[in-house]
Amino acid sequence: MSPVSMEKLNLMAPPSTQIIERRSLTVGILFGIGALVLAFVETDKFFHAYLLAYMAWLGVSLGSMAFLMIHHLTGGGWGMVIRRPLEAAAKTTPLMAILFIPIIAGMKHIYFWLNPAAIANNPHLVELRHGYLSTSGFIFRAVAYLVIWIGLAWLLTRLSATQDQPPVRNLSPRFRVIAAPGLVIYAFTITFAVIDWVMSLSAPWISTIYGFIFIVGQCLSAMCFIVIIERILARHQPMSVILRSKDVHDHGKLMLTFLMLWAYFSYSQFLIIWAGNLPSEITWYSRRLYHGWHWVGLAMVIFHFAVPFCLLLSRPFKRNVYTLVWLAGWLMLMRYADLFWYIEANFNERFFVTISDVVLPIAMGGFWLWFFFRNLRQRPLLPPYALHARELVEAIHE
Amino acid sequence: MVQAIEVEPGENKAPVMASGHTFGSITDKVSAMVLTRPLTKGWIFGFAICFLILQWMLYAMCWLFFKGVGVWGVNIPIGWGFAIVNFVWWIGIGHAGTLISAILLLLRQSWRNSINRFAEAMTLFAVACAGMFPIFHLGRPWVFYWLFPYPNTMNYWPNFRSPLVWDVFAVSTYGTISLVFWFVGLIPDLATMRDHAEKKWIKTVYGMLALGWRNSTRHWSRYETAYLLLGGLATPLVLSVHTVVSFDFAIGIVPGWHTTIFPPYFVAGAIYSGFAMVLVLAIPIRKFYHLEDFITPRHLENSAMVMLATGWIVAYGYAFEAFMNWFGGDQYESYVRWNRIHGPYAPWYIALLMCNILIPQILWWRKVRLSNFWLFMISMDILIGMWLERFVIVVVSLHRDFLTSSFGMYYPTQFDWAIFIGTLGFFTACMFLFLRLLPAVPIFELRSLLPEAKAVEHE
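Chains as they are written, first to last, in my numbering: chain A, 1 to 398; chain B, 1 to 459.
So here's chain A without its partners, still in its complex pose (with noise of 0.2 Å):
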């Protein structure tokens, strides 16, 4: 096949994307003023959820990078058909870091130690509160967090962009040294965030795994979204002629995949500190497993993992984008409520959930998203002078 009927196709996001573009900003301005009368209302709830508001999107975010990192080392049609909209997720970065101001603002009303009375009978609490736990410290690291991620998502989307122009390039081997230290770096930078926005709420506590569960869900998170997203662009070209239900295999196998090592990495830990029972670890879960938190818990058991690694099991169930978005739908759900067992049993004894809760990831979300897909609609939905991305055309056209 010549080049020409890659040229024929029309690689820019479909017009309805524009729709949903629009609709996104209304519903994030609307639930955006409700979330503002809410941090009048119920100030201390405002900040919870909006911590958790912030991980969830933020994961969505960072998990599309580092699959874009993985496609880039490991190659693959699967990565090539959604290489445009992990890009464009992972350029929402800039976005989380205005969406952080809020958090920096409300500090005292998430973090308890920053209350030095609720601290004092701890001298270890006090040590670390002076050191590490440092006001100016929690801001310059979570600045130093962001700028990287800022930083990854724009050299990975700058080269990117070298490929809607002609010649057509391989640019693999560049990518690839991108890829490589990037996915190191937010490893290790990510460890640091979760430690300093969502482990050290229950400070002293910790668990050495705590990074890797946050990484897993992330990518879970990223995978899932990636899957929405090739449900609203199937009936439309390109996608509807790039996208193969092998590459809708491949996504259900990394779903699978990420499901797994979530279920491997949570259970590991649990039996772990439950098995030690040291009063000092024991107490997290113990927080979580009574007054009603325990129900959450379960639910996850079944719900996070159980009932979708059965359905993910089945081979035409992964290759339908029509079925699988169903599950990738709910699976985002359940990443929100996992993120609630964590984030908001450190606030709250007993398990409920306040108008904050829901108001805020709508909120947040209707802003995340219209910003990705403003960030999609720039670019075509394949970088049309990508060498495997003209290989993946051709082979369909064979």
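Mixed in with the good hints, there may be bad ones.
Said to hold, decoys possible - In silico contact screen, one side only, chain B against chain A (beta carbon under 10 Å); selected entries: (1) Arg161; (2) Val165; (3) Val168; (4) Ser246; (5) His258; (6) Thr259; (7) Glu301; (8) Leu308; (9) Ala315; (10) Tyr316; (11) Ala319; (12) Met324; (13) Tyr411.
Unchecked claim - Derived DSBU-like pairs (lysine-lysine); straight-line CA-CA distance at most 30 Å: (14) Lys246/A with Lys8/A; (15) Lys13/B with Lys246/A; (16) Lys253/A with Lys13/B; (17) Lys41/B with Lys29/B; (18) Lys287/B with Lys203/B; (19) Lys287/B with Lys41/B.
Think of the hints as simulated: they come from the structure by calculation, not from any bench.
All values reported here derive from a predicted model rather than from experimental measurement.
The beta-carbon is built from N, C-alpha and C at its ideal position, and this holds for glycine as well.
Position chain B relative to chain A; hints supplied.
The following block gives chain B in isolation, referenced to the frame of chain A:
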């Protein structure tokens, strides 16, 4: 309009197999290694040395059986010593074989096809070496079967809450599946050997092992299904076995052992050392048996990249174990951290960091990944580093725990060393025999790499 394609430097990957081969040339070349190649002096010399080392191990074992585990350096507080260090090290090495044969099979990685056979053999021999240690460590190894739950007149039942019992199940399952997987993979090649052998008795032996394989379409169809299913069965084992091994430590509350990252960190470490062993074997094998066409720089480079990736997971483990222990502020864990760097075993710990983290970073350079010499040296370095890691985990954690009154030191005796080095001899001797008696690279899987073997892919 035809576009010019710009090829970036660094994209010139080596092929999975050198060009110019046919079905016949592959079969002839590989089967000749076993059937027509005469016994060389090099083989006899190498095998003799390994066999001698094996005899040294047998001598040490006899003495161990006669006197008991007291001949080892183990004593309270270090009851685990070399036996468990070596067990974990060997079982970890086996993991690369399973990863190559099962996970890379499911991931449709064609580069696995020439190295999977000897990597699987490596797994089997490594599991055999590993299995010896906990059994000897029992003190009364002849009643090892008490570990299994079976009806008996002693009113005795294993404690299922102990990870050591989980180990029995994990390792025995692993050994069994690895053996079946390896043997099933061998069947078509055993038939090829049967058909190519000239002496009657050799034909008979290979013929019996080939289980009546006739290369019929039905055989192949059943075979492919069985092989994929076994691959699926073996895949979780790559994760589960070393996870259970890590539970041996992490379930307990000994400072330095009780940390939640152990499962993935042990698995990554296992694959790290396993690929190092694959390279330590592959580099000389391809040279001495002139298999450069089948084990190409691509295999070496890919293995090196797997080592780099798993090495970073191991580094992540070290880093966050240290950082989070500091963050948590537990005094005993803090002491472990201090003791590793400043205690009597500090040189071992520093050597471990050098071998596992610092030196392998030169693998970032492609030139190093393509150099046989450097890859061999780095692989040896990683094998030493991973052994040191297990030593640091087992011995350094045990020798000073909660009570200062129970602090102690560990001094391995000549019997510890004899059995450890002896297993190296046993392992290498088995590899020598394997190279002599069975096709070391899978003939039929190499044939499938040829362009003429490519069938149309069905959606």
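Tested hints:
1. Annotation: arginine 161/B was flagged as interfacial toward chain A, and the flag holds, the nearest CB pair being 8 Å apart, inside 10 Å.
2. Here the hint on valine 165/B is broken, as its CB sits about 13 Å from the closest CB of chain A, past 10 Å.
3. Taken as an interface hint, valine 168/B does not check out: its beta carbon lies about 18 Å from the nearest beta carbon of chain A, beyond 10 Å.
4. Annotation: serine 246/B was flagged as interfacial toward chain A, and the flag holds, the nearest CB pair being 8 Å apart, inside 10 Å.
5. Below 10 Å, beta-carbon pairs count as interface contacts, and histidine 258/B has one with chain A at about 5 Å; its hint therefore holds.
6. The restraint placing threonine 259/B at the interface with chain A holds, with a minimum CB-CB distance near 5 Å, inside the 10 Å limit.
7. At about 12 Å, the closest approach between the beta carbon of glutamate 301/B and any beta carbon in chain A exceeds 10 Å, and the interface hint on this residue is violated.
8. The interface hint given for leucine 308/B is met, as the beta carbon of that residue sits about 8 Å from the closest beta carbon of chain A, less than 10 Å.
9. With 10 Å as the threshold, the beta carbon of alanine 315/B comes within range of chain A, its nearest partner Cβ sitting at about 9 Å, so the hint holds.
10. The beta carbon of tyrosine 316/B comes within 6 Å of a beta carbon in chain A, closer than 10 Å, and the hint placing it at the interface holds.
11. Taking 10 Å as the C-beta cut-off, the interface hint given for alanine 319/B holds, the closest approach to chain A being about 7 Å.
12. For methionine 324/B, the suggested interface contact is upheld, since its CB lies about 4 Å from the closest CB of chain A, less than 10 Å.
13. For tyrosine 411/B, the shortest C-beta to C-beta distance to chain A is roughly 30 Å, which exceeds 10 Å, and the interface hint is violated.
14. For the suggested pair lysine 246/A and lysine 8/A, the alpha carbons sit about 23 Å apart, so the restraint of at most 30 Å is met.
15. Annotation: proposed proximity of lysine 13/B to lysine 246/A holds, straight-line Cα distance about 26 Å (limit 30 Å).
16. Annotation: proposed proximity of lysine 253/A to lysine 13/B holds, straight-line Cα distance about 27 Å (limit 30 Å).
17. For the proposed pair lysine 41/B and lysine 29/B, the alpha carbon gap of about 20 Å is at most 30 Å, so the pair holds.
18. Only pairs whose Cα atoms come within 30 Å are accepted, and lysine 287/B paired with lysine 203/B is accepted, the gap being roughly 29 Å.
19. The suggested pairing of lysine 287/B with lysine 41/B holds, with an alpha-carbon distance near 16 Å, which does not exceed 30 Å.
Violated hints for the displayed structure, listed by number in ascending order: 2, 3, 7 and 13.
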